[in-house]
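Chain residues, written in single-letter form:
Protein chains: 2
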Amino acid sequence: MVQPNVAERPHLAAPASSPRPADEILIDAGRLTALVHDVLLRAGMPPDEAALVADALVLADLRGMQSHGVLRVPIYVEKIRAGGFRPGRKGRVIRETASTVLLDGEDGIGQVLTIAAMDRAIDKAKANGIGAAGVFNSNHHGEAAYYVLHALKRDMIAIVATNGSPNMPAWGGKTKMTGPLPFTAGAPTNKEEPFVIDAALGVTNRGKLIYMADRREKIPFGWGVDRNAQATDDPAKVLDGGWILPIGGHKGFGITMFIEIVSGVLTGALIGSAIRDLYNAPRELPQGLGHFCIAIDPSAFMPVEQFKNRMDDMIRMIKSSDLAPGTERMVIPGQLEFEKERNRRANGIPLSVKLVTQLRVLGAELGSDRTV
Amino acid sequence: MVQPNVAERPHLAAPASSPRPADEILIDAGRLTALVHDVLLRAGMPPDEAALVADALVLADLRGMQSHGVLRVPIYVEKIRAGGFRPGRKGRVIRETASTVLLDGEDGIGQVLTIAAMDRAIDKAKANGIGAAGVFNSNHHGEAAYYVLHALKRDMIAIVATNGSPNMPAWGGKTKMTGPLPFTAGAPTNKEEPFVIDAALGVTNRGKLIYMADRREKIPFGWGVDRNAQATDDPAKVLDGGWILPIGGHKGFGITMFIEIVSGVLTGALIGSAIRDLYNAPRELPQGLGHFCIAIDPSAFMPVEQFKNRMDDMIRMIKSSDLAPGTERMVIPGQLEFEKERNRRANGIPLSVKLVTQLRVLGAELGSDRTV
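In order, the protein sequence lines correspond to chains A and B. Each number in the working numbering corresponds to the 1-based position in the first sequence with 902 added. Each number in the working numbering corresponds to the 1-based position in the second sequence with 902 added.
One thing to keep in mind: the hints can contain errors.
For chains that are exact copies, the list does not tell them apart, and a pair is met inside one copy or across any two.
In silico lysine to aspartate or glutamate, DMTMM-like type, Cα no more than 20 Å apart, as pairs [to be verified]:
{"id": "1", "residue 1": "Lys992", "residue 2": "Glu1008"}
{"id": "2", "residue 1": "Lys992", "residue 2": "Asp950"}
{"id": "3", "residue 1": "Lys1076", "residue 2": "Asp1215"}
{"id": "4", "residue 1": "Lys1078", "residue 2": "Glu1230"}
Hints were generated in silico from the structure; no laboratory data involved. On a predicted model such as this, the values are computed, not experimentally measured, just so you know.
Isolated chain A, as found in the complex:
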């Protein structure tokens, strides 16, 4: 059975003070960024792109989003060398209106292309109140929240949508053809920390299933199904050809489908099973992904300081809530990641010895004099 105060609140289930596994070591964020930057440069990225991607990957690790962090460096290097990722593409304008733009990513770097799209959406929002930018022929772009954080620095409300290789069937089916895709958005604040949501629309995530399967723990029914679409409480069966269920069943699927519509159908990107997986496709093939960014300038609706103060008021109202049993404190979407980032900037990022070794070897192979 789903215990709402535990099973549905995984971010509270693993307190920040939990002991670090023995196979992890703490790595300084600055040194890690320098190594990744140098590796990407030597793999063939121009300096500005290497700096952007290194910053985005390390920030994901700082924020506790390891699945979109530096563990992606080895595959990025492979894709660049094989031609699946093509550095130096900034997004070629295909169509443009006063408030929208469509970019052909020309198989470039996902982070570079999404920042290019968001920057254009922001410029158009500054001029006209709201702006939207789509990209097709793109690749993996890491943590989608990165582009929201970028927009928040310019006092924008932002939404980012992306599609991806399919891990889930449409609701009621058993042929994998879409997400669960993330719902990613944010809004700026004044004194309080910004609101940021970046939530994959699945009940759980693969990392958590792998962790529980390793420990032979059961999962609640409703988290996932086996390869025959049968309900199961065995995380190993979900991982072995099954899939994680969307939040709210058909509701989460419907939101995922809308995200696929704007990021994939509207941009002209590949969709569904036509998308090439980052790992399970030949390295020379680009992924064919699509992204869609919306920026809204709050000053089109009220003075921006007033909007940010209203955001503060809403957040304080939430933080002053009476606590439900099992809750230690009220947490606003995005807050735990900001707290983790501060902690890890000061104390280092816990990375597995295996990954650290892999990065050191990759750096040495490429002739880098940087290390961690």
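For chain A, the structure is supplied; the task is to place chain B on it using the hints.
Positioned in the frame of chain A, the structure of chain B alone reads:
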């Protein structure tokens, strides 16, 4: 335990062929619209507003969204007579940019104001690719999908956000302060039926809890909590001061909070517990709601026929999926409502005898010569 193939798919749990309760009768949609129109006219709405609201309420009943249908007529009449709803307000422009507009609803009729906002968003999208319109000082606007359907007729992709009186605490709290608000969006198609999602971000809905409580049935853990925020399988305890949980726990709450941000914080509307409930507030007080509409013109990204054909392709891909056990056919978000509408236009809308009597009495009291 949550059985994904039943509990999370309530739209499949009640097949269209289920026998109609004995206390329901079939009412012709045309006659119902004429009666509601006349009642609203006599209550004080101008003819164009009465026609719009009658159409919107009856369409909700046709689509099976009874909770936003003609059962709202008696309270609307009370609110108009007491001054809480003020007919004749079309939305006064407070701020305008090339692609955005903010309207003061001046406590007008929610349907009138949201159509005004969506029409402006569409006009701006036609001119500039994307448009957004916010409204504050608004009231109950019925089924949010109505405004998406309106935009689909003009080949727009549309998103509608609204806030409402709070039925749910922030995640981890027990002070009610927001949704679950609906996620509402749509996209046009060519041969297939349009994609429409209009899903409240709660695991279930009050109507279903009332139905199950009446039959002394248990609900799965994870659907709701009691007034002390304790997990329960008793629907009566959820209804008695408890609340329905958001889909995906903190994820569904985060999406609800973003909807509150654009519809409430950004528009300058009331938010959280400051909003006046439609029923539990003095009739003379306006609700103070906010709405936010976005329209995206697909032709800013590709020829609109190409976009609509790509939508058809995606829908056909989904419909050709292998079926999971327990699934009779693949259903696209919005499809069941279109099917129900066709059926009910042909055969009548099932309404309770109690509601039909109430509408007849209301019509007679107001001197209407219409009836159903």
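Here is how each hint holds up against the structure:
no.	hint	verdict
1	Lys992 - Glu1008	within (8 Å within a copy, 46 Å between copies)
2	Lys992 - Asp950	within (11 Å within a copy, 50 Å between copies)
3	Lys1076 - Asp1215	between (45 Å within a copy, 18 Å between copies)
4	Lys1078 - Glu1230	between (39 Å within a copy, 18 Å between copies)
The structure shown violates none of the earlier numbered hints.
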